[in-house]
Structures are given as structure tokens and as C-alpha cells.
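**Student:** Sequence:
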Amino acid sequence: MLTKNHTTALQSFSMISNQGIYWLLALVWLWAGALQAQPLMADLKPILDTKTHSIYIYKSSVKNLPPDWKKVWVLTNFYPDPNQPPLTVLSTRRNVLFDCRKNRFSTLAMIRYGEPNALGKPLLQTDSGFDLKEREVPEGSAMEIIKGIVCGS
Numbered sequence: 065m066l067t068k069n070h071t072t073a074l075q076s077f078s079m080i081s082n083q084g085i086y087w088l089l090a091l092v093w094l095w096a097g098a099l100q101a102q103p104l105m106a107d108l109k110p111i112l113d114t115k116t117h118s119i120y121i122y123k124s125s126v127k128n129l130p131p132d133w134k135k136v137w138v139l140t141n142f143y144p145d146p147n148q149p150p151l152t153v154l155s156t157r158r159n160v161l162f163d164c165r166k167n168r169f170s171t172l173a174m175i176r177y178g179e180p181n182a183l184g185k186p187l188l189q190t191d192s193g194f195d196l197k198e199r200e201v202p203e204g205s206a207m208e209i210i211k212g213i214v215c216g217s
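For what it's worth, the numbering used here labels the leading residue of the sequence shown as 65, then goes sequentially.
These are calculated hints, taken from the structure and not from any lab test. Incorrect hints may have been included.
What the hints assert, rightly or not - No more than 25 Å apart at the CA atoms, straight line, and that leaves these computed lysine-lysine pairs for BS3-like: (1) 197 with 166; (2) 197 with 115; (3) 115 with 166; (4) 166 with 185; (5) 109 with 123; (6) 135 with 109; (7) 166 with 123; (8) 123 with 135.
Construct the complete structure from the given sequences, taking the supplied hints into account.
**Tutor:** Pasting the structure below:
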């Protein structure tokens, strides 16, 4: 009788220690995922935050191009309105080229995502978002704020 109880206790201890290992592995996996996301969030500089959308730039993406041009990736998150149909595009990433001397910009690429913060796979799109037509940077817009940051650096 004593041997049987001893065996049962040993099996219980073994089962509990196996569960502990699984919990430990799950916690390490979650911690690694959070650690991997930290550089992404640390690289974002907030530009604008409203009820409908928020705009950020990736600080590490700012590139100097001759003569007075700068290139940067811009992230826009869209927030769904509960009274409206659900959004299919929840975020976009745009590669924007600024002509700092002439106060103009153009879009080199735009990628649409079905998840916030440009996570997940890009949505299927029929156009590249490439729009090399130069436009004036509108006064008081988020583009003017971005141009001030990018061209000032």
C-alpha cells in the first residue's frame, strides 16, 4: 500500500513539473514577442493623433538624397467608427519623398494593411501607390509637420 501511494505521488510531481515547464516556455515565448515588438514601437515618432486616425514616422527610415531631398516612411492607423461599416484597411505605410527646397512632396509607394501598425500581411492591391506627381505641402497639415521634422534633420 505504501509503495502504491509513493508511486502516485511521484507521478503527480512529474505531471506538475511538466506543466511548470510548459508554463515557463509559454512565458518565455510571450516575453520574446514583446521584446521583439519594442524596437518597432521605439522607432515610431508620433505626428498626429485624432479620433479617426493617427500618423507616425519611422525615425530610422529618414534618408538624405541629393540635392535637398529627404525620404521617409509614414505610418497611418485608421480607427473604425462604431456607427459606420467596418474598415478593411486599418493602416497604411507610405514612402514619401520631400523636396525640402521647393516645399513639395510625392509618394513613392503606399502599402495597405488589414491590421493596425502595418502588422500582418499587406492587403491585395491593384496599384502600387506610386504617385511621383509633386504636390505642395499643405499648410497646417500633418505633411507640413513631417516635412519640418525630416527636412530639419
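**Student:** Taking the earlier hints as the rules, which of them does this structure contradict?
**Tutor:** Of the numbered hints given earlier, those the structure breaks are 2, 3 and 4, listed in rising order.
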